[in-house]
Amino acid sequence: MVKEDLILGIETSCDDTGVSIIKTSIDRDNPEEINLDILSNKLASQTELHDKYGGVVPELASREHLRSLLPLTKQALFESDLDPSSLSKIAVTTGPGLKGSLLTGLNFAAGLAAALKKPVIPINHLEGHVLSAFIEAKSQPKRNFPFLTLLISGGHTQIILAKQIGKYELLGETVDDSIGETFDKVSQELGYGYPGGPVIEELAHKGDHAKYPFPKPLLKKQGLNLSFSGLKTAVIREIIKCKTSKERYWKNNIAASLQHTVSTLLASKIRDAITLTGADTLVVSGGVAANHYIRETLSGLSQSMQVNLRLPPKHLCADNGLMIAWAACLKNLLQENYCIEDLKVRPRWNIATRD
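Those letters in the sequence shown? Residues 4 to 358, by our numbering.
Hints listed in this document are in silico derivations from the structure and should not be mistaken for laboratory results. Each hint should be verified, as a subset may be incorrect.
What the hints assert, rightly or not - Below, in silico cross-link-like pairs of lysine-lysine (DSS-like), each with a Cα-Cα straight-line distance of 27 Å or less: (1) 45 with 166; (2) 214 with 92; (3) 209 with 170; (4) 26 with 55; (5) 209 with 246; (6) 26 with 214; (7) 92 with 347; (8) 244 with 77; (9) 244 with 45; (10) 26 with 6; (11) 170 with 219; (12) 45 with 246; (13) 92 with 45; (14) 26 with 92; (15) 214 with 166; (16) 166 with 6; (17) 6 with 121; (18) 92 with 141; (19) 102 with 141; (20) 145 with 92; (21) 6 with 92.
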């Protein structure tokens, strides 16, 4: 007997509105295997809106989510050729993230669920990223655990041991700025816009990464924590110097040197984490995981340490509703039940805790 679910996933943790509908099929005789059909995956980006401010403005983000949620949901239902009543569950990001953005998504999901009399599944945004590497047509997600994961995004840089669905151990994280924040600030100092990740990657493509030997904070320190604040400051100081120089490609060289330094730091800590945990699988996820140089660096490390590397497709590295719907599917395997009255946003929700 096959159990089918139609899950609507809603993501509004920051400045991207994501809505997705998936169909999952699980054979009760073989519950380890999930058949996945992605019916729709819609995204409304606010990049252009926030670019003029050099970063995300929380109030504007909440307002744009409110404007986008209903049209995106209608489009997703139309693409899926579904009536809203056909949905089995509604999954929504409830943290971590911007409080106003999270509330907008949760209120929409809760209202829709109440009208349709469907259950709501609260999803940790970080868990959505972690599990996104296993989004595929036929999946046996339980067999991938335990695994090591590097989560690198605009707001987070964390090294996590995933023990099983819903159970995670935080091994290390940045003690100050995230990689995404560092890229954003450097991009701004170079005279470019937000977000900084794509800018740094494009500039670095034509640069010499050996030109500027930037510091590597905490590289030789014990433990798996990282730091990027000192690196960011050093890069900005170099930018100020270069603005008065006659060097032609200094922006490219700075971007390449920054990208190389970050990749070196990550590879060093991940090498230590693999040695510490004995993990045979590494998952890299989050918006910064779309960076080709970082992907190649970690791919080389994985090969040298004979570790299986799992990377989401680049278009699924950024925030999206698909990863939220998928996480709900996997959490459903735990047979967890939720009440609308129990739902609340958690702007600082630690992935290693359940509350």
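Given the hinted pair residue 214 and residue 92, is their Cα-Cα distance within 27 Å? Not OK: residue 214 and residue 92 at ~53 Å, beyond 27 Å, violated.
Given the hinted pair residue 244 and residue 45, is their alpha-carbon gap at most 27 Å? 44 Å, violated
Taking only the CA atoms, is the gap from residue 209 to residue 246 under or equal to 27 Å? 18 Å, holds
Below or equal to 27 Å on CA atoms is what counts here, so check residue 209 against residue 170. Not satisfied, since the Cα-Cα distance of roughly 42 Å exceeds 27 Å.
Does residue 166 lie within 27 Å of residue 45 when you go C-alpha to C-alpha? Violated. Residue 45 to residue 166 sits at ~31 Å, over the 27 Å cutoff.
Restraint status (C-alpha distance of residue 92 to residue 347 at most 27 Å): 17 Å, holds
For residue 45 and residue 246, compute the direct alpha-carbon distance and say whether it is at most 27 Å. Not OK: residue 45 and residue 246 at ~41 Å, beyond 27 Å, violated.
Next pair to validate is residue 26 with residue 55; report whether the Cα-Cα distance is within 27 Å. 39 Å, violated
Is the hinted pair residue 26 and residue 6 satisfied, with a Cα-Cα distance of at most 27 Å? 10 Å, holds
Are the Cα atoms of residue 92 and residue 141 separated by 27 Å or less? 21 Å, holds
What's the verdict on residue 26 and residue 92, does the C-alpha distance respect the 27 Å limit or exceed it? At roughly 11 Å apart (the allowed maximum being 27 Å), residue 92 and residue 26 satisfy the hint.
For the pair supplied as a hint, residue 26 and residue 214, confirm whether the alpha-carbon distance does not exceed 27 Å. Violated. Residue 26 to residue 214 sits at ~50 Å, over the 27 Å cutoff.
Checked against the numbered hints above, the structure violates hints 1, 2, 3, 4, 6, 8, 9, 11, 12, 15, 19; every other hint is satisfied.
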